[in-house]
Amino acid sequence: MAVKRLILGMTGATGAIYGVRMLQVLKGQPDWETHLVISKAGLVNLKYELDMAKSALCGLADVVHGIDDIAASIASGSFKTEGMVVAPCSMKTLAAIAHGFGDNLISRAADVALKERRRVVLMPRETPLNLAHIRNMASVTEMGGIIFPPMPAFYSKSDSVAALVDEGVGRVLDFFGVNVAGLVKPWQGL
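Each step along the sequence shown adds one to the number in our numbering, with nothing skipped, and position 140 is 773.
Just so you know, the hints here were simulated from the structure itself, not pulled from any lab data. Among the clues, some could well be false.
Simulated crosslink set (DSS-like; lysine-lysine; CA at most 30 Å straight-line) [as the list claims (entries may be wrong)]:
hint, residue 1, residue 2
1, 818, 637
2, 748, 790
3, 637, 687
4, 673, 725
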């Protein structure tokens, strides 16, 4: 079986736990290879929110790319991937992706994935939303991207923040066909 590649971008929005948990889940999937890019603000949030060092995060990924490495493999459509997740996704990164402004490797890799018609899932973490945010989300959606704000589903009756995070991570990874058994409780009806 060929290894599938998934790009994960992490930005400075709150919610570093989503990116970290995604890497943890994928680490246990031998048929998946992860390519991580984290912004400078993402590193600040990683330390502040999770008290996690960059080295610990990078140890979860198969390949780590520098935020300014525009010559990285993931900056080219000829490098085959299943797509990309940006978790969490700042409004700045959302705007860059919505307008094709590839000023760093996260927005460039997302631009490449969209032009190659690969799946792109953004987990924007901001509230309330202003009109620019909403229009940028609409623009990404019109290009084929998926806007997936990390909003918990309370019908699962999760008993912890970790379970709520797992639910969101599982639902995103399910878009790519990752085995998410144990993370997501499918709705069974009443």
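Hint by hint, here is what the structure shows:
no.	hint	in the structure
1	818 with 637	25 Å, holds
2	748 with 790	39 Å, violated
3	637 with 687	24 Å, holds
4	673 with 725	13 Å, holds
Of the hints listed earlier, the one the structure fails to meet is number 2.
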